[in-house]
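> Listed below are the residues making up each chain.
There are 2 protein chains.
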Amino acid sequence: MSKDPTKQKIGIIGGGQLGKMMILEAKKMDFKIIILDPTKNCPAHSIADEHIVADFDDEEAIRELANKADVITYEFEHIGIEVLKELEDEGYKIYPTIKSLEIIQNKYQQKEVLAVNNIAVPDFISVSNIDEIKSAGEEFAYPMMLKSCTGGYDGKGNAIIKNQDEVVQAYESLGAGSLPLMIERFVPFIKEISILACRGIDGEIAVYPVAENDHQDSILIETRVPAEISDTLKEDAISLAHQVMEVFEGVGIFCIEMFVTEDERLLINEIAPRPHNSGHYTIEGSITSQFEQHIRAITGLPLGATALLRPIVMRNILGEGQQGEAIVEGMVEVAREDTLKVHVYGKEISKPKRKMGHFTVTSDNLVEAIKKAEEASKVIKIKGQC
Amino acid sequence: MSKDPTKQKIGIIGGGQLGKMMILEAKKMDFKIIILDPTKNCPAHSIADEHIVADFDDEEAIRELANKADVITYEFEHIGIEVLKELEDEGYKIYPTIKSLEIIQNKYQQKEVLAVNNIAVPDFISVSNIDEIKSAGEEFAYPMMLKSCTGGYDGKGNAIIKNQDEVVQAYESLGAGSLPLMIERFVPFIKEISILACRGIDGEIAVYPVAENDHQDSILIETRVPAEISDTLKEDAISLAHQVMEVFEGVGIFCIEMFVTEDERLLINEIAPRPHNSGHYTIEGSITSQFEQHIRAITGLPLGATALLRPIVMRNILGEGQQGEAIVEGMVEVAREDTLKVHVYGKEISKPKRKMGHFTVTSDNLVEAIKKAEEASKVIKIKGQC
Chain A
6 MSKDPTKQKI GIIGGGQLGK MMILEAKKMD FKIIILDPTK NCPAHSIADE HIVADFDDEE
66 AIRELANKAD VITYEFEHIG IEVLKELEDE GYKIYPTIKS LEIIQNKYQQ KEVLAVNNIA
126 VPDFISVSNI DEIKSAGEEF AYPMMLKSCT GGYDGKGNAI IKNQDEVVQA YESLGAGSLP
186 LMIERFVPFI KEISILACRG IDGEIAVYPV AENDHQDSIL IETRVPAEIS DTLKEDAISL
246 AHQVMEVFEG VGIFCIEMFV TEDERLLINE IAPRPHNSGH YTIEGSITSQ FEQHIRAITG
306 LPLGATALLR PIVMRNILGE GQQGEAIVEG MVEVAREDTL KVHVYGKEIS KPKRKMGHFT
366 VTSDNLVEAI KKAEEASKVI KIKGQC
Chain B
6 MSKDPTKQKI GIIGGGQLGK MMILEAKKMD FKIIILDPTK NCPAHSIADE HIVADFDDEE
66 AIRELANKAD VITYEFEHIG IEVLKELEDE GYKIYPTIKS LEIIQNKYQQ KEVLAVNNIA
126 VPDFISVSNI DEIKSAGEEF AYPMMLKSCT GGYDGKGNAI IKNQDEVVQA YESLGAGSLP
186 LMIERFVPFI KEISILACRG IDGEIAVYPV AENDHQDSIL IETRVPAEIS DTLKEDAISL
246 AHQVMEVFEG VGIFCIEMFV TEDERLLINE IAPRPHNSGH YTIEGSITSQ FEQHIRAITG
306 LPLGATALLR PIVMRNILGE GQQGEAIVEG MVEVAREDTL KVHVYGKEIS KPKRKMGHFT
366 VTSDNLVEAI KKAEEASKVI KIKGQC
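Chains as they are written, first to last, in my numbering: chain A, 6 to 391; chain B, 6 to 391.
Keep in mind that the hints were calculated from the coordinates and are not lab data. Fair warning: there could be bad hints in the mix.
Remember, identical chains collapse to one label, so a pair may be satisfied in a single copy or spanning two.
[What the hints assert, rightly or not] Pairs of lysine-lysine residues, derived as DSS-like cross-links and limited to a Cα-Cα distance of at most 25 Å, are as follows:
hint	residue 1	residue 2
1	Lys376	Lys196
2	Lys33	Lys8
3	Lys33	Lys45
4	Lys239	Lys196
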């Protein structure tokens with residue numbers, strides 16, 4: 006690290022909304038930023054110092070990024086790791102480490118590492134063909150989840166199998182064995198919660214309060230903080246988050262999604278080695294946003310305070326209507342709610358269910374914030390226009 | 006205004022730290038930004054969509070900016086207004102309006118408008134030569150302030166005259182009559198306070214809490230919020246801020262600096278028609294930062310909530326040592342204070358006393374925040390390196 010840490014150039018693989026929000030924080034401290042993203046007018050484009058327009062699997066471009074940057078990070082975990090592994094071995098700084106990324110990328114390995122370390126996860130088993138799925142069905146009973154071990158996000162790569170008759174269809178919908186597969190026992194959860202945790206290069210760990218999430222069609226719709234769960238569960242969740250960060254030796258911000266079961270147990274659902282949609286609330290809700298925290302961690306700065314400033318609700322704005330040039334509707338109307346903050350990601354094209362933006366509402370009273378957010382989500386829309 | 010307000014392109018005259026901090030807020034909502042600044046690598050350069058590199062008095066460049074932008078604003082008030090007046094007359098949207106800017110630019114006119122509207126200001130009189138300054142000395146008694154009516158900032162353009170023997174020297178230090186001059190009665194104030202106020206295009210007004218300021222050599226050093234003054238004075242100050250915004254019909258964020266006299270009266274010292282150094286605390290301290298509020302006002306969005314989230318102290322980081330490439334020292338050390346946030350403006354060259362950055366500390370306890378900020382200001386330095 007340079008004596009003046011702000012002189013470090015940060016390379017980000019991905020120039021979507023997560024990259025954009027990282028840059029908005031990094032620029033406060035005057036870090037220089039290079040992004041790599043195939044889309045010229047991606048959300049982060051206009052605020053990056055330099056943009057390497059290249060595919061994520063373009064090894065030459067990734068090497069160029071590594072040579073120009075002092076430290077590399079990434080905004081999504083589904084990237085080819087071969088070249089990154091080589092670069093890490095050659096001494097380039099990449100955070101989170103490729104060692105931790107490699108395990109997390111594969112949901113089976115991720116769960117195995119957690120299970121080996123006595124961290125509770127739903128029961129799971131590797132499967133590679135229809136017969137193995139059917140035997141899993143006998144062991145776990147239906148319904149159960151079929152998941153591709155790699156590459157899934159926002160519910161893609163997951164298929165619920167309600168009975169034995171659905172096995173073949175589910176198997177085919179996930180590539181008919183072209184990707185490694187696993188079965189997870191279905192967890193009849195009563196709540197989905199998530200926790201952000203960050204680990205510095207030196208091992209310092211900072212954990213955020215527990216957030217409570219709602220999904221629709223496997224896409225996050227709403228996050229509420231603080232979560233409405235017992236103090237005991239909160240303590241358990243925070244302790245689990247610490248354990249996870251130790252196990253993976255993760256550097257940077259991680260999001261740990263958990264299920265709360267009917268009998269008040271916590272099971273880890275998934276870990277994301279990056280800023281997470283369910284952590285967007287931290288921009289307005291926390292002393293240190295998840296994006297600032299990530300930048301601090303990967304540049305060797307001490308971590309910031311994670312306390313919640315006020316109860317807060319975050320709601321996603323998903324693309325509606327047809328595919329086309331993104332147009333925001335209802336911005337003026339919702340902004341009349343004077344604690345409501347709209348984030349528009351700047352994706353040129355809106356598609357149905359694409360994450361186009363989000364907004365937060367803060368209040369001294371979470372119930373009030375939830376109500377206001379629900380009303381606003383009926384008014385603000387991002388639609389495609391041809 | 007376009008149906009989708011985020012489609013507006015904002016033109017900013019000036020790409021310094023105020024422009025930069027405006028853009029960081031505007032980008033959250035995905036506004037497009039064009040700046041005009043003579044310095045290629047000015048603080049706002051890397052996050053603007055487009056940068057017209059031109060002098061502030063380059064009329065052709067300002068016309069280019071106006072033609073490319075949907076709305077124009079500026080980060081400092083000492084700009085030539087002839088072309089802006091023409092543009093305003095031609096129907097271009099410029100906020101704050103050039104009508105309000107023209108009055109505020111001239112400290113004599115500014116005070117006159119305030120006085121006519123029964124808003125208390127220190128006694129003042131226009132002077133144009135040594136004899137008139139001496140007669141003012143007889144009327145107001147010494148010490149008194151000689152000020153150039155136009156062009157001053159950070160104490161430049163002001164000279165204190167302690168007795169009649171200093172009249173000639175003060176007169177000559179302010180250009181010997183080349184600029185319009187005024188004398189102000191010296192106010193033996195016990196505190197300097199400031200208030201941010203914002204007015205929307207439709208006349209909506211939002212006022213922030215009272216901030217308390219310390220200056221050194223006429224340069225702001227520290228701002229503390231909430232101000233330690235009586236509730237009555239706070240109410241008076243807030244009411245004055247409302248009056249000022251009505252009088253000037255200002256659109257956008259204004260900062261109103263006031264003196265608190267020994268007998269607990271408030272006198273308006275100066276008005277800045279722009280985001281102000283004493284309002285930087287709002288980034289971490291307030292629900293809506295002064296920069297976001299300004300962007301909301303000039304783009305026709307409703308104003309945001311101005312409540313303080315936590316007691317907060319802001320301290321400036323002024324250039325130290327020799328002039329040269331700016332290097333930050335002590336960043337890691339001060340960041341160990343986990344509520345401390347450093348803003349590095351990204352000016353390439355550090356000069357003694359140049360505003361190079363600032364930091365804030367928040368705490369539930371203002372006294373604790375003050376102490377921590379004082380300690381940190383001994384550690385974090387921005388210096389020139391050759």
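> Hints first: check each against the structure and report whether it holds.
Checked hints:
For the identical chains of this complex, Lys376 and Lys196 are intra-copy neighbours only, at 19 Å inside a copy versus 43 Å across copies, given an alpha-carbon limit of 25 Å. Taking the shortest Cα distances, Lys33 and Lys8 sit within 25 Å of each other inside one copy (19 Å), while across copies they are farther apart (31 Å). Both within a single protomer and between protomers do Lys33 and Lys45 lie at most 25 Å apart by alpha-carbon distance, with minima of 24 Å and 19 Å respectively. Taking CA atoms no more than 25 Å apart as the test, Lys239 paired with Lys196 passes inside one copy only; the shortest distance there is 13 Å, against 46 Å between copies.
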